[in-house]
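Student: Using the hints, position chain B against chain A.
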Amino acid sequence: MTKGPAIWGMTLAVLALLLAFAAGLSLSVGSADIRILDIPGILARGQETTAYGILTGIRLPRMILGLAIGGALALAGTLLQAMFKNPLVEPYTLGISGGASLGICINILFKVYAHIGIIAYPLSGFAGASLVIFLVYGLNRRNRHIRSNRMLLTGVMISYVASSLVMLLMALAETDDLQNIVLWIMGSLDEPDIALIRLALIGSLAGLALSYLFCLDLNGLLLGEEEAAGLGVNTGRTKKWVFFIASFLTGLSVSVAGIIMFAGLIVPHFMRMITGPDHRILLVASWLAGAVFLMLCDVLARTVIAPLELPVGVITGIIGGVIFIWAISRKTGDI
Amino acid sequence: MSGPVLEIDGLTLAYGTRTILKDVSFKVLPGQVFSIIGPNGAGKTSLVRAVSRQLAPMSGSIRLKGQDISAMDNNCLARQMAVVRQTVDPVPMAVEAYVLLGRLPFFNRFQFFETQKDRDLAASYMDVTGIKDLAGMSMDRISGGERQLAAVARALTQEPDLLVLDEPTAHLDITHQAKILDLVRRLRQTMGLTVLMVIHDLNLAAEYSDCLALIDKTTRTIHAMGTPDQVLTRENIEQVYRTQVQVEKNPVSGRPCVFLRTGGGYKERI
Numbered sequence: 001m002t003k004g005p006a007i008w009g010m011t012l013a014v015l016a017l018l019l020a021f022a023a024g025l026s027l028s029v030g031s032a033d034i035r036i037l038d039i040p041g042i043l044a045r046g047q048e049t050t051a052y053g054i055l056t057g058i059r060l061p062r063m064i065l066g067l068a069i070g071g072a073l074a075l076a077g078t079l080l081q082a083m084f085k086n087p088l089v090e091p092y093t094l095g096i097s098g099g100a101s102l103g104i105c106i107n108i109l110f111k112v113y114a115h116i117g118i119i120a121y122p123l124s125g126f127a128g129a130s131l132v133i134f135l136v137y138g139l140n141r142r143n144r145h146i147r148s149n150r151m152l153l154t155g156v157m158i159s160y161v162a163s164s165l166v167m168l169l170m171a172l173a174e175t176d177d178l179q180n181i182v183l184w185i186m187g188s189l190d191e192p193d194i195a196l197i198r199l200a201l202i203g204s205l206a207g208l209a210l211s212y213l214f215c216l217d218l219n220g221l222l223l224g225e226e227e228a229a230g231l232g233v234n235t236g237r238t239k240k241w242v243f244f245i246a247s248f249l250t251g252l253s254v255s256v257a258g259i260i261m262f263a264g265l266i267v268p269h270f271m272r273m274i275t276g277p278d279h280r281i282l283l284v285a286s287w288l289a290g291a292v293f294l295m296l297c298d299v300l301a302r303t304v305i306a307p308l309e310l311p312v313g314v315i316t317g318i319i320g321g322v323i324f325i326w327a328i329s330r331k332t333g334d335i
Numbered sequence: 001m002s003g004p005v006l007e008i009d010g011l012t013l014a015y016g017t018r019t020i021l022k023d024v025s026f027k028v029l030p031g032q033v034f035s036i037i038g039p040n041g042a043g044k045t046s047l048v049r050a051v052s053r054q055l056a057p058m059s060g061s062i063r064l065k066g067q068d069i070s071a072m073d074n075n076c077l078a079r080q081m082a083v084v085r086q087t088v089d090p091v092p093m094a095v096e097a098y099v100l101l102g103r104l105p106f107f108n109r110f111q112f113f114e115t116q117k118d119r120d121l122a123a124s125y126m127d128v129t130g131i132k133d134l135a136g137m138s139m140d141r142i143s144g145g146e147r148q149l150a151a152v153a154r155a156l157t158q159e160p161d162l163l164v165l166d167e168p169t170a171h172l173d174i175t176h177q178a179k180i181l182d183l184v185r186r187l188r189q190t191m192g193l194t195v196l197m198v199i200h201d202l203n204l205a206a207e208y209s210d211c212l213a214l215i216d217k218t219t220r221t222i223h224a225m226g227t228p229d230q231v232l233t234r235e236n237i238e239q240v241y242r243t244q245v246q247v248e249k250n251p252v253s254g255r256p257c258v259f260l261r262t263g264g265g266y267k268e269r270i
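Chains as they are written, first to last, in the numbering used here: chain A, 1 to 335; chain B, 1 to 270.
Hints were generated in silico from the structure; no laboratory data involved. Built from N, CA and C at the ideal position, the CB exists for glycine as well. You can take every hint at face value.
To be clear about the criterion: a stretch of chain B counts as covered by chain A if any three or more of its residues have a C-beta under 8 Å from a C-beta of chain A, and this derived list gives those stretches:
| id | region |
| --- | --- |
| 1 | 52–63 |
| 2 | 84–95 |
| 3 | 99–110 |
With a straight-line Cα cutoff of 20 Å, these simulated SDA-like cross-link-like pairs (lysine to any residue) come out:
| id | chain 1 | residue 1 | chain 2 | residue 2 |
| --- | --- | --- | --- | --- |
| 4 | A | Lys331 | B | Ser138 |
| 5 | A | Lys240 | B | Asn75 |
| 6 | A | Lys240 | B | Asp73 |
So here's chain A without its partners, still in its complex pose (with noise of 0.2 Å):
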């Protein structure tokens, strides 16, 4: 909270400068070529082109789900890591990853999208997802209060188990099925239904809104939580829903694009060096830094061996990882 509002009005400016940078070579770049430059005049002429084609039928939706994933993981991570205050948080700690992991795989391994199609995958995700997030939250739920560094242990034993679990279906799994999960765990932003991009969208800017009304009691929370209860803050109340839509953001993303490392653990910590610590500001600046952070990546991951691609987690993980030690060395003092 170092910095004043001149400093916000600024952040938000040259972030929403990269989102727009970011979207257009989102758009333009891969196996054919578009210029940024013309793409207005693309979509003005509308449908017949090919360039039409490719633009609104495969980089649009490709383009849009990086950006609601990239902010909900940001978002989701923030938020995690206010609640329990801990750096080390991250949208995956609470095991809402290995649930998803679990569901997909008994998905593919019990051909469960063969009977009910291919929106089998999101499906099983999100509900493998939600399972894990109501055991974390029932195990730590005593008269109203959320255990915070209980919860924390609950969640990654949790994550250890679904792991456990899943390496063990992946021994039993035949060859073909075994591709398909690893593909899936990698994490891609390769998704053909249009309705589930659409619900991704709407999910991650609905998570946005939503923990916007917390903010303030965020920031009490930055003072521990009797201090909290103190300045006037439900300290109960802010807890249970800041983790349910973080949990949800999370298992959103998850069932969507799969695995995606990284962008819930590092965004917010270096949207937090430059903004300081006042989620009025930080909670937007990084859900659009998250997003700029995954299209780019998905850039990346589409233009570096092409025409093939690299799943995007294995870009975020290297890039995002080497970017964030460097950060860190630089800084003085704790994080």
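Tutor: For chain B alone, kept in the frame of chain A given last:
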């Protein structure tokens, strides 16, 4: 004269089966500086936690301006009572932003930004507490004493009827001790602020309080209550603290002043 700001009646506190305080009753009148003194582990901080609703009483009631605090909602309580805790966490947040958090109880659900009035209030209390120059500094880059002052400024920005201070002078040098307590005394006079304070230092308690309550660790209840002259007697102190002391008059203020009689530890009288 209106009724008491804080009224504690038959308060019993316990952690599990361990009783901390038994049947404690007292009233804090408007404009009073009321201090709780007693040995380590006597339950002073637990009392503050009960008053700030962090610890639910086993029995008894705590009323703030006639209203039972267990029935009040968080915001309502925070508008009437501000608490400064023993230690203030060095959060990485600017002093000014930290002080402004004192306005949080006055925000409505859909208000996200403080008004000019909030900023003016914060500025004026930073001025009063003498930390105006630190406004832009981060809370984790200033000294413990300055953080304590910032916490007091934050509490005052809440514009409370009752200010609760838990060991406001622990870890502070005499300059900062005097600074905080002089400020408390001044605010009591200028704003009619009512203060409930837990304090270890008997001499500071004597200098700055209107009324004292001495808690006995063995009986777990108030041993003596009244003006500093009435409470800080040799008999009371030796009985509660089990240490030999001598009580004289402070030549400057005329208040009681407690001296340790070193060398001979307290011997139980048979």
